[in-house]
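Construct the complete structure from the given sequences, taking the supplied hints into account.
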Amino acid sequence: KAGVTQTPRYLIKTRGQQVTLSCSPISGHRSVSWYQQTPGQGLQFLFEYFSETQRNKGNFPGRFSGRQFSNSRSEMNVSTLELGDSALYLCASSSGPGNQPQHFGDGTRLSIL
Amino acid sequence: QKEVEQDPGPLSVPEGAIVSLNCTYSNSAFQYFMWYRQYSRKGPELLMYTYSSGNKEDGRFTAQVDKSSKYISLFIRDSQPSDSATYLCAMSRGGGANSKLTFGKGITLSVRP
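Protein chains in written order, with my numbering: chain G, 4 to 116; chain R, 25 to 137.
Just so you know, these hints were derived from the structure itself, not from any lab. Don't take every hint at face value.
Below, in silico cross-link-like pairs of lysine to any residue (SDA-like), each with a Cα-Cα straight-line distance of 25 Å or less [as the list claims (entries may be wrong)]:
#, chain 1, residue 1, chain 2, residue 2
1, R, Lys80, G, Ser98
2, R, Lys26, R, Tyr95
3, R, Lys66, R, Asp107
4, G, Lys60, R, Glu27
5, R, Lys129, G, Glu55
6, G, Lys60, R, Asn122
7, R, Lys80, R, Ser134
Simulated coverage check for chain R against chain G, where a stretch passes if three residues somewhere in it have a Cβ under 8 Å from a Cβ of chain G [what the hints assert, rightly or not]:
#, stretch
8, 53 to 61
9, 64 to 74
10, 105 to 118
11, 124 to 137
On a predicted model such as this, the values are computed, not experimentally measured, just so you know. Every residue gets a Cβ at the ideal spot worked out from N, C-alpha and C, and that includes glycine.
Encoded structure:
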């Protein structure tokens, strides 16, 4: 069974640009969550999607947004990139909203120059 | 006070040692408790998953949850160099809008051959 797939693995952007990250969950999993991992703050929850609806949101500015498609695949968008957005962005999937455990992909490493 | 506190480490042990990793938490609403292992340049990999209090064993790994003390532990027996990684505790209230995982900062373990 294939795991959570995230693309691309690495991205380099400059301040002010925007970026879109993609996540394909484990087959049959319908809930997708996004997390940001930095050395200083650790892993922090961004948002969760189920049935194409955002179910839960963390404490991040509105520049961070996401969406989910009918096949459960999800995308995350960050607009007006700042240096502090440099991080590993991780996607996790589970069978349903509120269901545990969550299984993670290998992330997208975003570097802002 | 952070919701989840984890010993910062790093931790270095000889091969074959018993390793004890611990987390404390402040939110009594947490019901789901997980340990993830993260290798360099990879996403977190689920090691152990426990609901509510009690012990769970899987091979060389044992997870303990003491909800009365708000304390969880992961024990690794007969530690191997391949166990060298960062270990993250995570917990969730579970259900609907409470599905987000709250993580400890992680502890880096090195097992010396």
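Evaluated hints:
no.: 1; hint: Lys80/R x Ser98/G; verdict: holds, 22 Å
no.: 2; hint: Lys26/R x Tyr95/R; verdict: holds, 14 Å
no.: 3; hint: Lys66/R x Asp107/R; verdict: holds, 14 Å
no.: 4; hint: Lys60/G x Glu27/R; verdict: holds, 17 Å
no.: 5; hint: Lys129/R x Glu55/G; verdict: violated, 30 Å
no.: 6; hint: Lys60/G x Asn122/R; verdict: holds, 10 Å
no.: 7; hint: Lys80/R x Ser134/R; verdict: holds, 24 Å
no.: 8; hint: 53 to 61; verdict: holds (count 3)
no.: 9; hint: 64 to 74; verdict: holds (count 7)
no.: 10; hint: 105 to 118; verdict: holds (count 4)
no.: 11; hint: 124 to 137; verdict: holds (count 7)
Checked against the numbered hints above, the structure violates only hint 5.
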